[in-house]
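*Asks:* If you want the building blocks of each chain, they are given just below.
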Amino acid sequence: MIDAAAYTGHWPFRPLQPSDPAGLLSRLSAAGIERALVTPIEGLFYEDPQMANERLAASLQGLPALAPVCVLNPALPAWERDLEVCRSRFHCRAVKLFPAYHRYSPIDQPARDLFKAAGNLGVPVVVQLRVQDVRNQNALAFAPDVSLSDFLTIAPRYRDTQFVLGCIKYAEILELASRLPDLPHVWVEISNLEYVDGLRRIIDRVGTQRLLFGSHTPFFLIESAILKLSEAVLTSKERETITRDNAQVLFGLA
Amino acid sequence: MIIDSHVHLVDWDGDRSTESLVRLATRHGIAPIVCSCLGVNDYVRYPTPEQVTAANDYLLREMRVFAEDVVGLCYACPSLPELSLREIDRCVAQGPMKGIKLWVDTKASDPSVEPIARRAIELGVPILQHAFYKTTGNLENETTPWDVAVLAAKFPELRIQMAHLHGCGYQGINDIAPYPNVSVDTSGSEPEAGVLDRALCLLGSGRILFGSDAPGRGYGVQLGKVLGTEMDQEDRNRIRFKNARELYKL
Numbered sequence: 000m001i002d003a004a005a006y007t008g009h010w011p012f013r014p015l016q017p018s019d020p021a022g023l024l025s026r027l028s029a030a031g032i033e034r035a036l037v038t039p040i041e042g043l044f045y046e047d048p049q050m051a052n053e054r055l056a057a058s059l060q061g062l063p064a065l066a067p068v069c070v071l072n073p074a075l076p077a078w079e080r081d082l083e084v085c086r087s088r089f090h091c092r093a094v095k096l097f098p099a100y101h102r103y104s105p106i107d108q109p110a111r112d113l114f115k116a117a118g119n120l121g122v123p124v125v126v127q128l129r130v131q132d133v134r135n136q137n138a139l140a141f142a143p144d145v146s147l148s149d150f151l152t153i154a155p156r157y158r159d160t161q162f163v164l165g166c167i168k169y170a171e172i173l174e175l176a177s178r179l180p181d182l183p184h185v186w187v188e189i190s191n192l193e194y195v196d197g198l199r200r201i202i203d204r205v206g207t208q209r210l211l212f213g214s215h216t217p218f219f220l221i222e223s224a225i226l227k228l229s230e231a232v233l234t235s236k237e238r239e240t241i242t243r244d245n246a247q248v249l250f251g252l253a
Numbered sequence: 000m001i002i003d004s005h006v007h008l009v010d011w012d013g014d015r016s017t018e019s020l021v022r023l024a025t026r027h028g029i030a031p032i033v034c035s036c037l038g039v040n041d042y043v044r045y046p047t048p049e050q051v052t053a054a055n056d057y058l059l060r061e062m063r064v065f066a067e068d069v070v071g072l073c074y075a076c077p078s079l080p081e082l083s084l085r086e087i088d089r090c091v092a093q094g095p096m097k098g099i100k101l102w103v104d105t106k107a108s109d110p111s112v113e114p115i116a117r118r119a120i121e122l123g124v125p126i127l128q129h130a131f132y133k134t135t136g137n138l139e140n141e142t143t144p145w146d147v148a149v150l151a152a153k154f155p156e157l158r159i160q161m162a163h164l165h166g167c168g169y170q171g172i173n174d175i176a177p178y179p180n181v182s183v184d185t186s187g188s189e190p191e192a193g194v195l196d197r198a199l200c201l202l203g204s205g206r207i208l209f210g211s212d213a214p215g216r217g218y219g220v221q222l223g224k225v226l227g228t229e230m231d232q233e234d235r236n237r238i239r240f241k242n243a244r245e246l247y248k249l
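If you're matching them up, the sequences are chains L and W in order. FYI, in numbering that gives the first Met the number 0 the residues of the first sequence are 0 to 253. FYI, in numbering that gives the first Met the number 0 the residues of the second sequence are 0 to 249.
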């Protein structure tokens, strides 16, 4: 299995374990997950997220099962330089944007410029809709949910860019469902998909071709992601598609 | 064995019907499910007396059909004191329900809850009390864990199941820690790591129950909170079923 949504690093509001790459890999392996795409948590908070990307790249040396997903902030002036460094030097498999934490919208021009640039370079862009339920957040660093409708107004204009909607909720996928056939470049990562028999309902509605298994660990418990799969009573083909094949194709993983 | 201490039944069709909820629960080895009905056709925050009675009627019917799988809690509203006491008598004292469900119409610390608390003590049944700390702001009369602590202090003999560990959070765990008559269920909110660990440390496994908040939440995701948190097997069994079995006399 490939986990499309894992993290390392320090979260300021409660201790997250494991926080280091080796510990993460060990925890993932114990759950049957062989590879993961990893984002540095510090990228949300560092004034220059590239510093977090540099530390991530260094920390993943010698751990080929973990692939970097770099954090970019298009509201900062050097994002183009950082995108190129992340792609060519750090070999990131995607870049991840946190609009709510960096205080911009996907419809703002800098974000749109980044979408175009990433598309030209063939780098997938993860638009993280949330990291934590707004009700549970620490008021010191409140980050509202990113608007799916905002994203949907601009996604059709960047068809050369592969987008992943990170931490999308069940109701949002239903909202997106009728648009997905016209948006072949949009994928969803299912770590925050939850409803009674939620994954099966979504598969019955949109199929498996655009779904990416993610755990959102260490924010969420990996076991919850695993039990979500078993609850859906997936066929072998469905399971392989969601937990491996889609990620291999999208992120260029052998 | 796993007992789900927090499920809602509504007269919905298809995948959210009682039949479906029971079937999906057993897919994870969960049975029975401890249920309340907060409204026949949808959850009703501030119900009329007729709506409360209809909700409990619906649950009573489902309990007859799914006698082995559904345990019922009587929906009561402190803002409707006479109606609530009549419903408790009908559904618990003279009926098969095993406890009382309080939701969002009145804070648990409000004096209007006291007659319901006294009746629960007389009957020897617990109150399942919704509680949450919301950074975005609680509803006007929505109970917080602090309110639960006030109620617990007033009535040390009252057994309270505070709902939503992950919504009450670290502050909520600390609010109820001094009151051994308060347990907490793991239902609802997201499967955030670390919260159950803290509850184990400050409350002990004897005061934690597995709950899902289905159908709005998924059984598997919610169960992952318990199965994915490190603890010994005896602690896990307490949370999975022993505490609920003792609390509801199952």
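For the record, the hints were derived by calculation from the structure and aren't laboratory data. The model shown is predicted, which means the values in this text are computed figures rather than measured ones. All C-beta atoms in this analysis are idealised placements derived from N, C-alpha and C, irrespective of residue type, glycine included. Among the clues, some could well be false.
[Unchecked claim] Derived, one-sided and incomplete: chain L residues facing chain W with beta-carbon distance under 10 Å: (1) L75; (2) P76; (3) S87; (4) F141; (5) G197; (6) T234.
[Claimed, not checked] EDC-like cross-link-like pairs, simulated, lysine to aspartate or glutamate; straight-line CA separation at most 16 Å: (7) K133/W with D144/L; (8) K241/W with D231/W; (9) K97/W with D56/W; (10) K133/W with D132/L; (11) K153/W with D196/W; (12) K236/L with E193/L.
[Said to hold, decoys possible] Stretches of chain W that chain L covers, calculated by requiring three or more beta carbons in the stretch to come under 8 Å of a beta carbon on chain L: (13) 87-99; (14) 221-234.
*Asks:* Please go over all the hints and tell whether each is borne out by the structure.
*Replies:* Status of the hints after comparison with the structure:
no.	hint	verdict
1	L75	violated, 27 Å
2	P76	violated, 32 Å
3	S87	violated, 34 Å
4	F141	holds, 6 Å
5	G197	holds, 5 Å
6	T234	violated, 16 Å
7	K133/W with D144/L	holds, 15 Å
8	K241/W with D231/W	holds, 14 Å
9	K97/W with D56/W	holds, 15 Å
10	K133/W with D132/L	holds, 10 Å
11	K153/W with D196/W	violated, 28 Å
12	K236/L with E193/L	violated, 22 Å
13	87-99	violated (count 0)
14	221-234	holds (count 7)
Checked against the numbered hints listed earlier, the structure breaks hints 1, 2, 3, 6, 11, 12 and 13; every other hint is satisfied.
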